[in-house]
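Engineer: The primary structure of each chain is shown beneath.
Number of protein chains: 2
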Amino acid sequence: MRSTATIGTSAILLALTYLGFVSAQTFQRLGTCPSLGCVFPPDQTEFLAGQLFDIRLEVHAPVNGSEASSGGVPDENFTFCIQSGKGGCQDVTKYFQVQDSSIEKWSFSYYEDLFAKDAGTPIVVNVASKAYRALSLSKPGAYTAKLVYNGGFQTVANWVVREPATRRKAKNVLFFIGDGMTQPMITAARLIAHKSINGKYQSLMQMDQMEALGHQMTHSIDSFITDSANSATALYTGKKSTVNTLNVWADSSANSLDDPKVETIAELFRRHIGGALGIVSTAYIADATPAALCAHTRDRGQYVTVVTEYLTSAEAVNSTFAWPTSCKQPDVIFGGGAEQFFPGRGSPNGTDYYQAFRDKGYNVVLSNTELQATSSKAKTLGIFSVGNLAKWIDRNVLKENLKGQRNSPTGDGTDALDQPGLKEMTLKAIDILQARTKRNEGWFMMSEAASIDKMMHALDYDRALGELLELDDTIRASIAHLKKIGELDNTLIVVTADHGHGFDVFGGADTKYLSAQTTDRKKRAAVGTYGESGLSGYTVTEGALPTNNTIVFGAEGPNFPVTWNPRYAYAAGFGANPDRRENYKLHTTGPRLPAVSSPDGYVANPNDNPDGFNAPGTLGPDEGQGVHSLQDVSVFASGPGSEAFRGVYNSIDIFFKIADALALGRTSR
Amino acid sequence: MRSTATIGTSAILLALTYLGFVSAQTFQRLGTCPSLGCVFPPDQTEFLAGQLFDIRLEVHAPVNGSEASSGGVPDENFTFCIQSGKGGCQDVTKYFQVQDSSIEKWSFSYYEDLFAKDAGTPIVVNVASKAYRALSLSKPGAYTAKLVYNGGFQTVANWVVREPATRRKAKNVLFFIGDGMTQPMITAARLIAHKSINGKYQSLMQMDQMEALGHQMTHSIDSFITDSANSATALYTGKKSTVNTLNVWADSSANSLDDPKVETIAELFRRHIGGALGIVSTAYIADATPAALCAHTRDRGQYVTVVTEYLTSAEAVNSTFAWPTSCKQPDVIFGGGAEQFFPGRGSPNGTDYYQAFRDKGYNVVLSNTELQATSSKAKTLGIFSVGNLAKWIDRNVLKENLKGQRNSPTGDGTDALDQPGLKEMTLKAIDILQARTKRNEGWFMMSEAASIDKMMHALDYDRALGELLELDDTIRASIAHLKKIGELDNTLIVVTADHGHGFDVFGGADTKYLSAQTTDRKKRAAVGTYGESGLSGYTVTEGALPTNNTIVFGAEGPNFPVTWNPRYAYAAGFGANPDRRENYKLHTTGPRLPAVSSPDGYVANPNDNPDGFNAPGTLGPDEGQGVHSLQDVSVFASGPGSEAFRGVYNSIDIFFKIADALALGRTSR
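Those protein sequence lines, which keep their order, are chains A and B.
Here the first sequence stands for residues 1 to 669, where the numbers follow full-length UniProt numbering.
Here the second sequence stands for residues 1 to 669, where the numbers follow full-length UniProt numbering.
Just so you know, these hints were derived from the structure itself, not from any lab.
A portion of the hints provided could be inaccurate.
Said to hold, decoys possible - Which stretches of chain A does chain B cover? Using the computed rule of at least three CB atoms under 8 Å from a CB of chain B, they are:
1. 187-197
2. 627-640
3. 647-658
What the hints assert, rightly or not - Partial pick of chain B residues on the chain A-facing surface, computed with a CB cut under 7 Å:
4. Y95
5. V627
6. D632
Every residue gets a Cβ at the ideal spot worked out from N, C-alpha and C, and that includes glycine.
Modelling step: build the complete structure from the supplied sequences, incorporating the hints.
Structural biologist: In structure tokens:
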């Protein structure tokens, strides 16, 4: 809902373009700046001692609307000072011993509300700004930062540098993210993959058995629903931010690379400890959750910037904005997204970016076979398909669906038939990180089950639960592998999500009966609730009635369903969804497409579940997928430092807990 | 889906009536009995050492269908033996030193599936049975119970008596149940009642601050969705059971009082310790969650039985079935449900049941004023309205809604205008229980926020969150009060739910814009997702745009919303719902009625949210409300013994953890 245009010294509005949001509620001028003077880092920011960050100051002069002021000319003579302890407030240049920076100016516009948008009457805001780059605070305690503008108006930001841990508890950190994974999904996955007799589970999810259980709050800095970029920023930097941002606070300028940056856990680990770093995801590797370990941009969609930052640094991406730290070429990068690597429209400057990685000493592998065969001694880039990797169900149960995708990571238009799963990637990554740990510096790995989220967006909950079960299986296998190589007791394992999707199982559906009915309302009567929900049809052989003595153990191997498409299926619903058709069956021919566009916006896809009933949604006509939700997500942890992950806390605390386990804070008093 | 009829010695079917379930999935012959020989307690049962239970054995002979056998004549010569350790299998009469019991016989019928139901072709089953009453096992370890029938067929039940705690940790137990409360609801309640600045909450829910966090699985013994009777049975007895049961395993007989019973935490506490007992609920006091502390019946709808068991005992209710323990007249009974007490159709034999309580030494109070004024020294019955008590929002914000209800607990048809809330009842209950603790025996109280569930059933999520916030406020006030009277360190406080409702917040709605649009799809576009969800409109003054500097502190008192009906409201959805109309506004004239019956089943109530959009549901036409869901629910605990509540476990484990904190196990070796 925001458009920005960098302008020269003139306060005249030069250009305004509007992003294409059709549905919207609160249109804020700038979420973290409720007054006309903006300070980034904003009020309430907490830092790890020594963590690098940029300062951005803005003074807004709205040209029109209820906040119109100063004739639309922003004050350029603002001052900014910082106070710690009982001393006075020192000018920013003196406090940090830096040169003053020059004034930048631009304009942006926004709509006050949906009525204004319908009427086409935007508010225009002119801005004067300064930025100070790559600073840090290393004395624990409280700080007050004060912007004075417009002849005496003040914006005060209270900052805190937390007292860091001084003793390192964990040599290694294995950080699993189940993207979009909620407790209702974990409960549903347990139902379909684990055998229960008379209400007693005979086996449990690995997550159920971790040493510590916590909850974290996922909301954004300026809205209560987050996206994955924003939430990953919170997990990796300890800073709440805005939807679509990667490790920056969103300013109002048009340039998405000039927003004030903050240092990530990966950068801190590289800078202070120099240990091995691994990034593993079942998404395209420039997607938000992996990207957020290394990239800094207002716009998560800048995939070329992201892969460039993997290989080089933020400073190299745009030399205007000094940023002296980086991920320094992660030892392991495994995922999809080959379109950013083979020469073409998606790769940096159209170059062969596989070759660029080889030139920097990387082994490059493009299939599971190559992955398993490659040496563990070298830095390794593994890219296994165009776009997101195949889903567990399609790789293991419905293998025909891998064909005809023309998604080979070579870019030659053949099919990527030999893809690893999260488990194969993660176990190999452990071996490489371990081999590249020369002394006792240890390693840090983020491993993401990305398609829990992606399949929930598609309302394809069977596939989403397959991905969730693969994550659980990966955790189980990783624990066994770490134990085998003698590193389990040295490794903090943390499992969490970045946000939720409204989803819950509410009954059992007789899919045969549903399919046989001719009216929507009669089809809906195929669902049994309460006592008639019945038992899990997924733990019995195909065609069997689910009862307490038809349970089968281990046909697909333990910890996965025996039957994926039973007559008696679970019936689940969503917090919000586009119009759809529903029959509660597995989508056997590939991921679901619930809605298709029409002149009237998205409508139910008539080819999705044609034997189902029509189920109109609640989302606006511009939304063809499910959306993220508010609920707290679970945190599971084991190993040294895991006790800190118990209880209820904010998403940003995950960063501080991991940083403390690794003793990454650097103080001076 | 089951009908039962007790019959004489004949195997001929005498009468079959069908319960009115229209939608259903799995129709099991008898959930806990997948073979033709049934053992109660069933396989996988775990006992507290010394806990009383009944044994029920059944042999089934289906007359028709795929299981038809023995010409429909059930084997009456079955045998049943019990083996512990390495000894042989001893006949039940010898093992327990009891007389053999006589054969009972009956028939029941069920439908194999929905096709059979549509065709009107039930399966008829004839049954031969025996029961043995009020037994116990006091040696920890594994047991094998074996039923042999039909000339050699076996049903084996594995039982375990858990090793109990020997040291008592807690003097008092305060057990809070938020009926139907899930983590997504807790997250939503935090959003509307607590102030967040730039993503940092300035205050937290009391639940967020408890010492221990856990998750519990709520599924039934024979279906994956539970009701509140069944789940309360799990929490209070450590035994999974069937929908609608209170502290029995569901057998197949018609008599709902002859099902095999099991002893509750309240009965154990009374029998072994003799401490004070309190039952508090915002529901009618014969409702499942309070009733399950003391009652034993297959049918939670037997309200007269329930209130009779409060005052007398299970044995007195039906002297045929020996049950030698009871709640022995709880010291505190506070709630609604006056229709079971004033003389009339709902009271036991039409008598004045208030007087019956007075005759047993109870003080009886019928308003908050009387409650606060009454002595803390006597047993006290407090009944404050017909049906469920008023909701927090109506008692505190929309007080006009209390009028015209004609729900006075006196039964005189006037309004119950002077009702206490959960906090007032719970704090007074603490005082009474404390005053009635003569020595060091301590007390046990269950306090239920019942209408979280009831309002979620009605899709009235604003009222549900009001009830949830009242629960949180009650916990906070209880902790403060216990501290004041010096009992906090002696008291284990446990907070949990009995099941979920699919519910989650997915965005923010501009209700003014929604109301102003003329088409359903345009109304749906009033919802903003992700960054356009905005900030909480509930923490700013009426009419203010929610931003980080319009936040107001404490207008309604801390920990409740400042504004309940803001222009920018949260938008929430359900896992499943009946057809409804939606506008995301507070229902200002009283609890919501989302659907009304029609010749075609339930349809959206045209008078509910007339300015909203039409939102068809997914539930069958017979369902006019929201339904329960699968998700694990949270457990929060503080005080002595609370560390045991960390992690992920089954609902039945709550019983064992509380029993261990009170050292209620009684072993003999």
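Engineer: Compare the structure with each hint and give your call.
Structural biologist: A quick look at each hint next to the structure:
1. Taking a C-beta to C-beta cut-off of 8 Å, the stretch 187-197 of chain A contributes 6 residues in contact with chain B, enough for the three needed, and the coverage statement holds.
2. Here the stretch 627-640 of chain A counts 7 residues with a CB under 8 Å from a CB of chain B, which clears the bar of 3, and the coverage holds.
3. For the stretch 647-658 of chain A, the proposed coverage by chain B is satisfied: 4 residues have a C-beta within less than 8 Å of a C-beta in that chain, meeting the threshold of three.
4. A least Cβ separation of about 22 Å between Y95 of chain B and chain A goes past the 7 Å threshold, and the interface hint is therefore violated.
5. Using the Cβ-Cβ criterion of 7 Å, the hint placing V627 of chain B at the interface with chain A is satisfied: the shortest such distance is roughly 5 Å.
6. Against a cut-off of 7 Å between C-beta atoms, the interface hint on D632 of chain B holds, since the closest Cβ of chain A lies about 5 Å away.
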